[in-house]
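Asks: Here are the chains, one letter per residue:
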Amino acid sequence: MNVNMIEIMLPAFAECLVLVGIHSYLGIHVIKRKVIFVDLALAQIAALGSTFAFLFGIDPSSTGAYWFSLGFTILGAAIFSLSRIRHEKIPQEAVIGLVYALAAAVAILVVDRAPHGAEHIKEIMTGSILWVQWKTIATAAAVYAVVGAFHFAFRDKFLLISNNPEIAYRKGINVRLWDFLFYVSFGFVITHSVSTAGVLLVFVFLVVPAIATIMITDKLWLQLVLGWGMGTLVSMLGLYVSYAADLPSGPTVVATYGLVLMTTTLGLYVFRAKRKIIALRNISLGMAVFIVILGIFWSGGTFFKRQQLNEHPLEATVESHAKEFHEENANAAELTDDQLQQLLNGKPLAGQLINLYQTVENPFQRFEIAHRLFDLDQKSGSKYLIDYLENCQIPFLRQKALDILALVSDSDFGYDALKPGPQNQQAIANWQNWWKKKYENQ
Amino acid sequence: MKKINLGLIVLFGLALVISLFAADQINVVTTLTTYADIARQIGGDKVEVKAIVAGDQDAHFVKPKPSYAVLLSKADLFVETGLDLELWAPTLIDKSGNPRIRSGQPGYVAAADGVKLLEVPSSLDRSQGDVHIYGNPHITTSPLNMKVVAQNISIGLSNVSPENADYFQTRLEEFQDKIDEKMFGGQLVQILGGETLGQLAQSGKLIPFLNSQTFQGKKLSEYLGGWMADMLPLRGKKLVTYHKNWIYFENLFGLEIVGHVEPKPGIPPSPKHVEELIQKIRRDDARVILAANYFDERKVREIAQKVKGVAVIVPLAVGGVPEVQNYFQLVDYWISHLIAAFSQAASS
Numbered sequence: 001m002n003v004n005m006i007e008i009m010l011p012a013f014a015e016c017l018v019l020v021g022i023h024s025y026l027g028i029h030v031i032k033r034k035v036i037f038v039d040l041a042l043a044q045i046a047a048l049g050s051t052f053a054f055l056f057g058i059d060p061s062s063t064g065a066y067w068f069s070l071g072f073t074i075l076g077a078a079i080f081s082l083s084r085i086r087h088e089k090i091p092q093e094a095v096i097g098l099v100y101a102l103a104a105a106v107a108i109l110v111v112d113r114a115p116h117g118a119e120h121i122k123e124i125m126t127g128s129i130l131w132v133q134w135k136t137i138a139t140a141a142a143v144y145a146v147v148g149a150f151h152f153a154f155r156d157k158f159l160l161i162s163n164n165p166e167i168a169y170r171k172g173i174n175v176r177l178w179d180f181l182f183y184v185s186f187g188f189v190i191t192h193s194v195s196t197a198g199v200l201l202v203f204v205f206l207v208v209p210a211i212a213t214i215m216i217t218d219k220l221w222l223q224l225v226l227g228w229g230m231g232t233l234v235s236m237l238g239l240y241v242s243y244a245a246d247l248p249s250g251p252t253v254v255a256t257y258g259l260v261l262m263t264t265t266l267g268l269y270v271f272r273a274k275r276k277i278i279a280l281r282n283i284s285l286g287m288a289v290f291i292v293i294l295g296i297f298w299s300g301g302t303f304f305k306r307q308q309l310n311e312h313p314l315e316a317t318v319e320s321h322a323k324e325f326h327e328e329n330a331n332a333a334e335l336t337d338d339q340l341q342q343l344l345n346g347k348p349l350a351g352q353l354i355n356l357y358q359t360v361e362n363p364f365q366r367f368e369i370a371h372r373l374f375d376l377d378q379k380s381g382s383k384y385l386i387d388y389l390e391n392c393q394i395p396f397l398r399q400k401a402l403d404i405l406a407l408v409s410d411s412d413f414g415y416d417a418l419k420p421g422p423q424n425q426q427a428i429a430n431w432q433n434w435w436k437k438k439y440e441n442q
Numbered sequence: 443m444k445k446i447n448l449g450l451i452v453l454f455g456l457a458l459v460i461s462l463f464a465a466d467q468i469n470v471v472t473t474l475t476t477y478a479d480i481a482r483q484i485g486g487d488k489v490e491v492k493a494i495v496a497g498d499q500d501a502h503f504v505k506p507k508p509s510y511a512v513l514l515s516k517a518d519l520f521v522e523t524g525l526d527l528e529l530w531a532p533t534l535i536d537k538s539g540n541p542r543i544r545s546g547q548p549g550y551v552a553a554a555d556g557v558k559l560l561e562v563p564s565s566l567d568r569s570q571g572d573v574h575i576y577g578n579p580h581i582t583t584s585p586l587n588m589k590v591v592a593q594n595i596s597i598g599l600s601n602v603s604p605e606n607a608d609y610f611q612t613r614l615e616e617f618q619d620k621i622d623e624k625m626f627g628g629q630l631v632q633i634l635g636g637e638t639l640g641q642l643a644q645s646g647k648l649i650p651f652l653n654s655q656t657f658q659g660k661k662l663s664e665y666l667g668g669w670m671a672d673m674l675p676l677r678g679k680k681l682v683t684y685h686k687n688w689i690y691f692e693n694l695f696g697l698e699i700v701g702h703v704e705p706k707p708g709i710p711p712s713p714k715h716v717e718e719l720i721q722k723i724r725r726d727d728a729r730v731i732l733a734a735n736y737f738d739e740r741k742v743r744e745i746a747q748k749v750k751g752v753a754v755i756v757p758l759a760v761g762g763v764p765e766v767q768n769y770f771q772l773v774d775y776w777i778s779h780l781i782a783a784f785s786q787a788a789s790s
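As you go down the protein sequences, you meet chains S and B in turn.
Here the first sequence stands for residues 1 to 442, numbered as in the numbering used here.
Here the second sequence stands for residues 443 to 790, numbered as in the numbering used here.
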């Protein structure tokens, strides 16, 4: 563990702790009210709010977008408090599920109209807990503290409605109003937590400690203490595993929560069984079945893979297609600059160079060859350089050829390297005459 | 009676004009807006071009809509990258029921044909997650690649409309010359030619070459202009990019990308990755973070804040922000924003 790891993991851990604080408590309400998926639905509604804001060109990180999502959350809270009917025929979970699906679908439709934003929707699922900033954590902590204080002040009413709505109705409490307040405060929390931790993480933070502790005890204070302890432990473990095994943090913490819940349940089962041996036997039986099922899937996987290969031996995989693609695009062998340099630095014969000059196409390489030829044999070398003046397409190389030729002549005969061959006709003719005069008699 | 007649004649005439125009134009559909822009620049008034992916959308992920299939069913020419970037394209072609634009038909253009690909994987298996198996498909970040793309599009247009081949060829040459000029400046293009400059630039030898050679008594580098000259102060500078979109740009302008924030699109990075990234950013002082504007802007800015860096958020394609309406403006936008960010990072 080095300093850097702590620097990265500490904010994430602090965020987890802040989340554990309020979510373990709210989770107990959620479980007792049997509205497990209300957080998903509210989070989706909040996201729909910021997506709508997006449509008006409001940046998702701005305060404007925040008010949008808060406004939508309050609307959602109103829907959920209205959908609770005393003698219900339709379970409230149905309404919640429906709201979730509708909000998600509308968000996609809105995003389709908005300038880019599919990424915005993806972000809601996994969140980005590793990048959380201290500022964000502090704001979240403040918001959660306010909500916590609010719930503490009115704990009698909230708890009564969650535990036993029938009595609340009979006592004449305005259940609808208090439901609305519950969902609004809940929505405040969810809007904040989902934007940093993502839906998946928030969901397990909410539900797992509540399930685990309700199984253990009926006392609220003990449930809370156990839930907080469990949350802290799991966050620490999950973040550590994510670091050690190099896995995305959010999903790792989620998986750790699942694992811890399973172990707790099995532990409780054994602990409470009258005959512990039989309980243990049942567990090992269950595990054996699990392993067998795993084995079936594994062998099935290899079987299907092999079958796929047999059915399409040639085009079985994209990989082989890609391989062909790369083979087609392999470049034909050409003389590399290094090879050429080696050749020129050796002891080439003039005839060799002349042959080479005529086969090579790269103008730079041709120039190098002509230059070397000039060093070896001024007569034929300057002939090819004059050929260069006339035919080379690159003014830079024409100028270089001219510079070399100028070493053996006193005039440039009015040649301008920036002009193409035809415009230099007179100068080239002069050069050719010069060459004839100088070398033809040799 | 007279009035009606006049109205009818006008209407009829209008319909005739419209139908003439409609009949004349070649329907081109491209995946990316950048290809659409190039198709317009090559095709001029002979083409009617539409793009499927918006300029600020991620081309990896496009949700299919019925209108796309309708669009394609009427297309004479379809342009896609032809690598594994727009994986949804083949399905879309199938759905459109338009046999003319199937891969291998004259109406199909793979824009990346002949582009020298980078990051070609050495071993072809999928064990590394979603590696692009052909090489990096984000070819549009190098203006030099776009000369090849333009040629491919021009060939495609000439295939479906041979009578206009000369027209397309002229416009193609104009486009390629303009790229060269914007890239290296007119003077240097005149001296060395676009092709030579392109080869040198892509092999990374351009700047040493310009510094070591002279022309008419002056160093060649003094003739350099355009984007290449603008980016000279940033050569060798280190930066971080959000996703692997910028490799061709990096290669061309001699930048050094030391890491990516999110190597696999959509999957949050692991703590180890983040740790290594932050270490690299600190060690190399690579505090500029370049991201395409289809990623979550808030997240990019948060990350930049966290590493005390500067976020540069730019569109990856034409039309990604309102002021970028063609490819030249796009590259201008990238370069001016990068330069501003590096000077901001240096002064903070």
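If you are wondering where the hints come from, they were derived from the structure by calculation, not from laboratory data.
Any given hint could be a false lead.
Not close to chain B: a few residues of chain S, all C-beta gaps over 12 Å, as computed [stated by the list, open to error]:
1. A12
2. V95
3. S128
4. Q133
5. V147
6. G198
7. V360
8. L402
9. D416
Using C-beta positions, here's what the derived DEER-type ranges look like [stated by the list, open to error]:
10. B:K714 to S:L177: 46 to 52 Å
11. S:Q423 to B:E698: 39 to 45 Å
12. B:E664 to S:P420: 20 to 26 Å
13. B:D526 to S:D377: 40 to 46 Å
14. B:E698 to S:Q339: 49 to 55 Å
15. S:D112 to B:Q641: 54 to 60 Å
16. B:E615 to S:A244: 40 to 46 Å
17. B:K660 to S:L407: 18 to 24 Å
18. S:T63 to B:E615: 48 to 54 Å
Virtual Cβ for every residue (Gly too), placed ideally from N, Cα, C.
Asks: Decide, hint by hint, whether the structure agrees.
Replies: Okay, the hints, checked on the actual structure:
{"no.": "1", "hint": "A12", "verdict": "violated (8 Å)"}
{"no.": "2", "hint": "V95", "verdict": "holds (28 Å)"}
{"no.": "3", "hint": "S128", "verdict": "violated (6 Å)"}
{"no.": "4", "hint": "Q133", "verdict": "violated (6 Å)"}
{"no.": "5", "hint": "V147", "verdict": "holds (23 Å)"}
{"no.": "6", "hint": "G198", "verdict": "violated (8 Å)"}
{"no.": "7", "hint": "V360", "verdict": "holds (15 Å)"}
{"no.": "8", "hint": "L402", "verdict": "violated (9 Å)"}
{"no.": "9", "hint": "D416", "verdict": "violated (10 Å)"}
{"no.": "10", "hint": "B:K714 to S:L177: 46 to 52 Å", "verdict": "holds (50 Å)"}
{"no.": "11", "hint": "S:Q423 to B:E698: 39 to 45 Å", "verdict": "holds (44 Å)"}
{"no.": "12", "hint": "B:E664 to S:P420: 20 to 26 Å", "verdict": "holds (23 Å)"}
{"no.": "13", "hint": "B:D526 to S:D377: 40 to 46 Å", "verdict": "violated (55 Å)"}
{"no.": "14", "hint": "B:E698 to S:Q339: 49 to 55 Å", "verdict": "violated (29 Å)"}
{"no.": "15", "hint": "S:D112 to B:Q641: 54 to 60 Å", "verdict": "violated (44 Å)"}
{"no.": "16", "hint": "B:E615 to S:A244: 40 to 46 Å", "verdict": "violated (59 Å)"}
{"no.": "17", "hint": "B:K660 to S:L407: 18 to 24 Å", "verdict": "holds (20 Å)"}
{"no.": "18", "hint": "S:T63 to B:E615: 48 to 54 Å", "verdict": "holds (52 Å)"}
The structure fails to meet hints 1, 3, 4, 6, 8, 9, 13, 14, 15 and 16 from the earlier list, while all remaining hints are met.
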